[in-house]
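Colleague: Below are the chains, spelled out letter by letter.
There are 2 protein chains.
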Amino acid sequence: MSGGPRPAPGARTPDPDWNPTPVVPSGAPDDVPEAWFNLVPNLPVPLPPARDGDDGQPSRLALQRRIRLAAVQEQDASTESFLPIPQRVREELAAIGRPTPLLRARALEAHLRTPARIYLKREDVLPTGSFKLNSAIAQAYFAAQQGVRTLVTETGAGQWGHAVAWAARLFGLHAVIFWAGVSARQKLGRHTVIKLLGGEVYPSPSERTQVGKALLRDGRHLLGSLGTAIGEAISYAQDHPETRYISGSNLPHVLAHQSVIGQEVKAQLAALGETPDTLIACVGGGSNLGGLMGPYLADKAERGDGLTLIGAESASAPRLTRGEWRYDHADPEGITPLTKSYTLGRDYELPETHVGGLRQHSGSAVVGVLRSQGLIDAVAYDEAEAFETGSLMLRHEGVLIAPESCHAVRAAVDRAIEARRTGRAETIVACVSGNGALDLEGYTAHLGDGA
Amino acid sequence: MSGGPRPAPGARTPDPDWNPTPVVPSGAPDDVPEAWFNLVPNLPVPLPPARDGDDGQPSRLALQRRIRLAAVQEQDASTESFLPIPQRVREELAAIGRPTPLLRARALEAHLRTPARIYLKREDVLPTGSFKLNSAIAQAYFAAQQGVRTLVTETGAGQWGHAVAWAARLFGLHAVIFWAGVSARQKLGRHTVIKLLGGEVYPSPSERTQVGKALLRDGRHLLGSLGTAIGEAISYAQDHPETRYISGSNLPHVLAHQSVIGQEVKAQLAALGETPDTLIACVGGGSNLGGLMGPYLADKAERGDGLTLIGAESASAPRLTRGEWRYDHADPEGITPLTKSYTLGRDYELPETHVGGLRQHSGSAVVGVLRSQGLIDAVAYDEAEAFETGSLMLRHEGVLIAPESCHAVRAAVDRAIEARRTGRAETIVACVSGNGALDLEGYTAHLGDGA
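These protein sequences, in sequence, are chains X and S.
The first sequence begins at 22 in my numbering and counts up by one.
The second sequence begins at 22 in my numbering and counts up by one.
Just so you know, the hints here were simulated from the structure itself, not pulled from any lab data.
There may be inaccurate statements among the hints.
Pairs involving identical chains hold if they fit within one copy or between any two copies, as the list cannot separate such chains.
What the hints assert, rightly or not - Within a straight-line C-alpha distance of at most 20 Å, the following computed EDC-like cross-link-like pairs (lysine to aspartate or glutamate) qualify: (1) 234 - 439; (2) 216 - 462; (3) 216 - 406; (4) 216 - 409; (5) 361 - 403.
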């Protein structure tokens, strides 16, 4: 040992008063809402009920009643505006990091030279990388309460399947997941994560179910879609009476479970002294849209054109912008009941895209009511526009967002550019429904196109 | 419109007092430490200085002085225990989400049936998915202050390159990144993200530099490693006088920049009334280890065997467990100065692994002093052990962690199992240095092996 005296190993600190807020997930549910907001009794017209067809087939409604969880059927039938969130669910929602941050996208605003203020609701920071966990936790809880051991479901981009595998693990359940084949084959990393979580995954259409076999035999919808996966999940549940079938979008209870998003946004904006002028969500089955906008339905009724609600969809599945508002099955084979929604028709073969979460031929009846009543506007973007927006977000905000979420942010960017023209200091809130780290194949393909 | 009276669109809330904490990244730096902790003056013996060889080659130390940022050279020479963090850097560290959470891994503890309490410091939640951002932001800031426009660096797994590309974007700089070829070819998704961020990437060894050409010509180190990438980055900086070369590990200033980790852990544990018995970090260039353990050096001096410090390394690059404590070059071609560290020798050809962040033949002099003085223990794990641990973390804590971080958690798991035998309610803290979402190729390969 050489040299002069060494300072004692340092216990000094330059500021003895530096005492940062400990950031320890507490599991304390106080910051999570006490109830879900139920959109259905708050719609301006009654929700068109699901119904059976006149084709002499066995009742699809009866099948749904048998294979679905009791609790969510009660929620869908409820006329209450608020559905209590079980304490255990509140605890788990706190544990995954709710409330999620509301980010002011200042760098994006500066780049756009807009007077608008853009707020991004960051559902992408949740453990599975998307908002889907909010409902997956609730439904896995209800399943465990009911004594169910195996859940069957479908997934499009894989966000819902990933969330169900995660939530199933949390409650000691097994998850069987039918995954739109085109997305399952793109997303090898997400496939690995779902399998590591213990999920049993089948790219759809598959040989695993009667519905899948029929599609393969007839050479229909071979790329797969959310619709083919819905059909197969129901078919599987039909053949496995011990299982229960759950959904991650479209239905009232799923939209209600997602209302934690909008309730948090309301509280967060109030704390900032802000009132939103525009709320934006991407729209596939409508659950992040319903979750963000449901708690604002009263404001919309009061403010009319003073509050703009926008659903951003994929131009490859343009239901709200080009579909018809009519009864249709949610799956190509017609194993689902007839539901009224904006639809492209169940024979519509969806093209291959990297936007699996928005890739279905029909959608949510609740969203359909909002659209048909003129409460929400709709815009459609193609894949190149979406990934351009994702690149913009990454470069300016440093955040890598899911391809689906790119549609919502694109709509926010368009509004912000319009605000530059009009000079209006508009307050825009867009929901970032998911993270893009497990969807990089789409970005890579986009980059290959010279982006 | 049919039916009876509809409830008015609901402005009701079940609990008018529900008033959640708004979670809005504030940019306010009050929760970020005011100073970095400098390990060097707090080592029990002086740090062995870097030196030139006796081979008649031009001075490598002179080259380092020319190509490195002035501020970090001042930091490396400082005898102060605390180096002030510039206010702008504190603001950016707050904006990326510091302090990061400290997670009690209760599910993992239950699975292990251990009396130990396992705390995980969650650096994986930062925007680029790893702790590397802490130093990248600091160095990009110093570069911008110095008027530098282009930064050149190396990266192993890609975490540092990703962080530098992100931080460079933040300060309007250009980043040139030499990336250990074996990792660059594995990680297509991370490659895409770095390119979208504007980073200029070269898998190493490359034809882009004199050092890379020499390796390719001689057929040495063709897989690439952190060492080949270091050599090429320095070679590039030598040939481009307008650029500056930065490092993401090994050197005292990098370890200091990472000391926000340990300072936060101290405050977070104090708030919980906890005193750590064991601190664990994975160790490649030693910066997450130094960052976690530096602020605990005084405690270690005081408590001796009462506080255990463990470095977890890769069995494919077993420097601390099987290397020699001697002077060596950090790159195979010898363009770096001679530094004293635990080394396998610069001719050691590292095998192909999915643990790129721990894959170098030598390491940090500071870590070497800690090891040679008996202050840190070392353990080595092979790739299968690491990915097994990653799968365990995902199944029990729902968190997908980087392959490097798996080594630290594995050591924590081993301690917790030992605690089960002894019955000791040990308090263990392990640093989760990174997220695994951009490293799924390794998990996929592991899954293919029947995991």
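Colleague: Now look at each hint and say whether the structure bears it out.
Modeller: Against the structure, the hints:
1. 234 - 439: neither (49 Å within a copy, 52 Å between copies)
2. 216 - 462: Intra 19 Å, inter 14 Å, cutoff 20 Å: intra and inter.
3. 216 - 406: Between copies only: 18 Å across, 32 Å inside.
4. 216 - 409: Result: close only across copies, 14 Å inter versus 31 Å intra.
5. 361 - 403: neither (26 Å within a copy, 56 Å between copies)
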